[in-house]
Amino acid sequence: MTMTYSQDFLFMENGTSVPLQNIPEMEFSLFRDKILSMMDICRTEAFFALPDGEKGRYDLFIILADAAKKGFLLAKSKVKDSFLSLTSSHASFNRFEREIMEKYPDLKAEAHPNAKPLRFPGKEQETGVMDYFTMQGDAVHEVAVGPVHAGVIEPGHFRFQCMGEKVYSLEISLGYQHRDLENMLVNGPAGAMRHLVETAAGDSSIAASINYSRIMESLCDIKADEEAEKTRQFALELERIANHIGDLGALAGDVAFLPTASFCGRIRGEYLNMTAELCGNRFGRNFVVPGGIRYGVDKEMAQKLLPKVKKVSRELWKALALMFNAPTCLDRFENTGRVSLETAKALGLTGMAARACGIKCDARKDFPVKEVVSAQCVYEEEFPFQPNGDVLSRALLRFYELKKSHEYLFRYLQELQNAPPCREESLPLKKETLALSVTESWRGELCHVAITDEAGRIQLYKIVDPSFHNWEGLAMALRDEEISHFPICNKSFNLSYCGHDL
Amino acid sequence: MCKNMDWIFFALSTAASLLLAPLSIGFINKTKAFFAGRKGVSIFQLYFDIFKLLKKEHIYSSSSTWILRAAPLASLGLLFGAFLFLPQGSFVSPLAFTGDVIFFFYLLGTSRFLTVLAALETGSSFEGMGASREVQFSALAEGTLFAILACLVFRCGEPALTAVLSKNCLQIQSLAFLAPILLVAGAFFLVLLCENCRVPFDDPETHLELTMIHEAMVLDYGGPDLAAIFYGAALKFYLFASFFVMLLMPGEFYGTWQGAVLSVAGVFFVSILTGIVESCMARSRFLKLPQLLTSSAVLAVIAIILQYFFQGGIE
Numbered sequence: 022m023t024m025t026y027s028q029d030f031l032f033m034e035n036g037t038s039v040p041l042q043n044i045p046e047m048e049f050s051l052f053r054d055k056i057l058s059m060m061d062i063c064r065t066e067a068f069f070a071l072p073d074g075e076k077g078r079y080d081l082f083i084i085l086a087d088a089a090k091k092g093f094l095l096a097k098s099k100v101k102d103s104f105l106s107l108t109s110s111h112a113s114f115n116r117f118e119r120e121i122m123e124k125y126p127d128l129k130a131e132a133h134p135n136a137k138p139l140r141f142p143g144k145e146q147e148t149g150v151m152d153y154f155t156m157q158g159d160a161v162h163e164v165a166v167g168p169v170h171a172g173v174i175e176p177g178h179f180r181f182q183c184m185g186e187k188v189y190s191l192e193i194s195l196g197y198q199h200r201d202l203e204n205m206l207v208n209g210p211a212g213a214m215r216h217l218v219e220t221a222a223g224d225s226s227i228a229a230s231i232n233y234s235r236i237m238e239s240l241c242d243i244k245a246d247e248e249a250e251k252t253r254q255f256a257l258e259l260e261r262i263a264n265h266i267g268d269l270g271a272l273a274g275d276v277a278f279l280p281t282a283s284f285c286g287r288i289r290g291e292y293l294n295m296t297a298e299l300c301g302n303r304f305g306r307n308f309v310v311p312g313g314i315r316y317g318v319d320k321e322m323a324q325k326l327l328p329k330v331k332k333v334s335r336e337l338w339k340a341l342a343l344m345f346n347a348p349t350c351l352d353r354f355e356n357t358g359r360v361s362l363e364t365a366k367a368l369g370l371t372g373m374a375a376r377a378c379g380i381k382c383d384a385r386k387d388f389p390v391k392e393v394v395s396a397q398c399v400y401e402e403e404f405p406f407q408p409n410g411d412v413l414s415r416a417l418l419r420f421y422e423l424k425k426s427h428e429y430l431f432r433y434l435q436e437l438q439n440a441p442p443c444r445e446e447s448l449p450l451k452k453e454t455l456a457l458s459v460t461e462s463w464r465g466e467l468c469h470v471a472i473t474d475e476a477g478r479i480q481l482y483k484i485v486d487p488s489f490h491n492w493e494g495l496a497m498a499l500r501d502e503e504i505s506h507f508p509i510c511n512k513s514f515n516l517s518y519c520g521h522d523l
Numbered sequence: 011m012c013k014n015m016d017w018i019f020f021a022l023s024t025a026a027s028l029l030l031a032p033l034s035i036g037f038i039n040k041t042k043a044f045f046a047g048r049k050g051v052s053i054f055q056l057y058f059d060i061f062k063l064l065k066k067e068h069i070y071s072s073s074s075t076w077i078l079r080a081a082p083l084a085s086l087g088l089l090f091g092a093f094l095f096l097p098q099g100s101f102v103s104p105l106a107f108t109g110d111v112i113f114f115f116y117l118l119g120t121s122r123f124l125t126v127l128a129a130l131e132t133g134s135s136f137e138g139m140g141a142s143r144e145v146q147f148s149a150l151a152e153g154t155l156f157a158i159l160a161c162l163v164f165r166c167g168e169p170a171l172t173a174v175l176s177k178n179c180l181q182i183q184s185l186a187f188l189a190p191i192l193l194v195a196g197a198f199f200l201v202l203l204c205e206n207c208r209v210p211f212d213d214p215e216t217h218l219e220l221t222m223i224h225e226a227m228v229l230d231y232g233g234p235d236l237a238a239i240f241y242g243a244a245l246k247f248y249l250f251a252s253f254f255v256m257l258l259m260p261g262e263f264y265g266t267w268q269g270a271v272l273s274v275a276g277v278f279f280v281s282i283l284t285g286i287v288e289s290c291m292a293r294s295r296f297l298k299l300p301q302l303l304t305s306s307a308v309l310a311v312i313a314i315i316l317q318y319f320f321q322g323g324i325e
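Chains as they are written, first to last, in this note's numbering: chain A, 22 to 523; chain B, 11 to 325.
With the rest of the complex left out, here is chain A (with noise of 0.2 Å):
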């Protein structure tokens, strides 16, 4: 057996804090060490510096996910100007240090294999203007995609490397949507950060606004009452049946089969209409409050609502038995755009793509916060398919946890007793504290880390979207694939821009 050295961590759970100088301190060789011998059984949660006041001195820290023991492990070093790259060592740690690099010019990562701008932020530098890889011969054709999509969706430059048909290899530009979110977030507590926090992606505020509260519950020492608790993770179910359903609708939609990309169409609508119901916003904002839930729901409400979702559901299966029985659909989602399990791993995708790859996580299950009753993940036991890893097995995994979350919703609106509304109150943040929550918003682990100065002031807030682990992960699927699939291997991860480009 190997040695690790988790004892040599601090161990950590979902949506609690600890004062930081718990957070044990080590030397840099030492610490890189470390985390690389736990990435085993670890995945890189979040890796980011904290500046130290004096310039090119900055604070490590490293967040590694330790699903077996159902919590986080914590460490942190100091470095000056410069320190040695992890990804040279593990690929998870690539966007982590490039986002170091360029968020703080002054400290840089060695050796790094592939320093590129990753958001290009500043006014000096042009979004999207660098040495993309490219491929020399004389059949080699490069197709540019993007910024501006055929679809009219959010920003993002695509290279392809291509030899005919066959992709060799598929370069990611984002960064156009970068607004510098998390030092908007900083020098708070402020007015306007959970609304911030909840655009952050707009597709999954709802994840965002409970890892916000969690944060503020947290550093503020409140609680939620446990109905409150039980109707945000009801929000956040009905967060990701729209956005399964929309996925799956587009991916019909991409194989040009119209019935069932129609009908998700507006069956999507319709859950974020109860959405609406809840709180006046289909997409759940100002639901989610530090505290509990902004608008009350009631028993009576519970009654409008079920038979709206038993309607609408038995309406949903049969649109999705059409696709999933239509052998012509099955037959272009069947081994396209597959990405092997030891590359998931490789580079710590999370989420939907993860599990579809055939990894066990979950942080529904495996990062529970104390008293939330969540819903239930589909590999509960084991998978009720065998995935390998392709758009089918990203496609089937929607439709089990479809059904998962249709059955959160069934027992919470037959349980629910009075979840009644909370108000907002600012109070003061513990002081030099880290505070840490984990979500699974529909795409994947959501991550929220703030830390407050001995002003108790927010000094860092934070946010890592499922997206930044799985962008790389797309560019893998193509590879060796042929480019005329790239749209439907897009659609089955279908990924945020803003939320990685922040």
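Hints are supplied without guarantee of correctness; some may be wrong.
[Said to hold, decoys possible] Partial list, computed: chain A residues near chain B (C-beta under 10 Å):
1. 283
2. 344
3. 353
4. 506
These aren't lab readings, by the way, just hints derived from the structure by calculation. We put the CB at the ideal spot given by N, CA and C, even for glycine.
Start from chain A and add chain B according to the hints.
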């Protein structure tokens, strides 16, 4: 060669067909909307689109030459030329000559050649990709098409469009005699879907440049040029659909007014059939398309063999 009256009838019915062609696309879209549970756009939408586009100005890339500008109209002109050879329902074209059946399909081929040339001329990677795919699949479809023509010419003994589609070679003598024509019709329907960029070969609705075939080639066009391309696509579908309908039309309807009406109604029936096919299946993988086209060629070859045996039997 032709009687005067026939000439007038032919002109009238050609004019009617030219006018009705965009409607055939409208029928496809309406059928698809019906299957998707939507109301869908009006069946006259293509007319509105064409009128809208005709009112717009021309915009060309500064790096393009006259080829890009000339291609849409030239390609439409060739399609129009092909139209003049097609017997309209029951009325023989005044331009018909022996061997015109080959001329007919090569007019269509030349029209495609011009579109491909214009696509390559833009220098865009998408258009180049579209052009390469278009040429690959149409080369395969051509094989099937000529196997079909071989069967038809063999059946009626004369390489003329009017003859291969006329009553003489299609009279139902026995069910067995019908078999080759059914096989040929099946093969031709696949060619129709391929040549007109329909599912499972291409997706006319898609906005995704990377998966397009035909659409990718016309990305640089707008305004009146795009109107010409839309109208040309409708015309091409109408051509193939009428060919398909006349292939199957029972012999006794030829040379009658009912036949003329039936051939137009038949085109719209083919539209609905195409709509149903598109609603029931997803688009195929590119790598599987050659297999699909090859199997249609096999159908046509089997038809030739059957025809050979039946003709021997009839004597």
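Outcome of the hint check:
1. Against a cut-off of 10 Å between C-beta atoms, the interface hint on residue 283/A holds, since the closest Cβ of chain B lies about 4 Å away.
2. Taking 10 Å as the C-beta contact cut-off toward chain B, the hint placing residue 344/A at the interface holds, the least distance being around 8 Å.
3. A cut of 10 Å between beta carbons decides the hint on residue 353/A: the least distance to chain B is about 5 Å, and the hint holds.
4. With a cut of 10 Å, the hint placing residue 506/A at the interface with chain B holds, because the nearest CB-to-CB distance is about 8 Å.
Taken one by one, the earlier hints all hold for this structure without exception.
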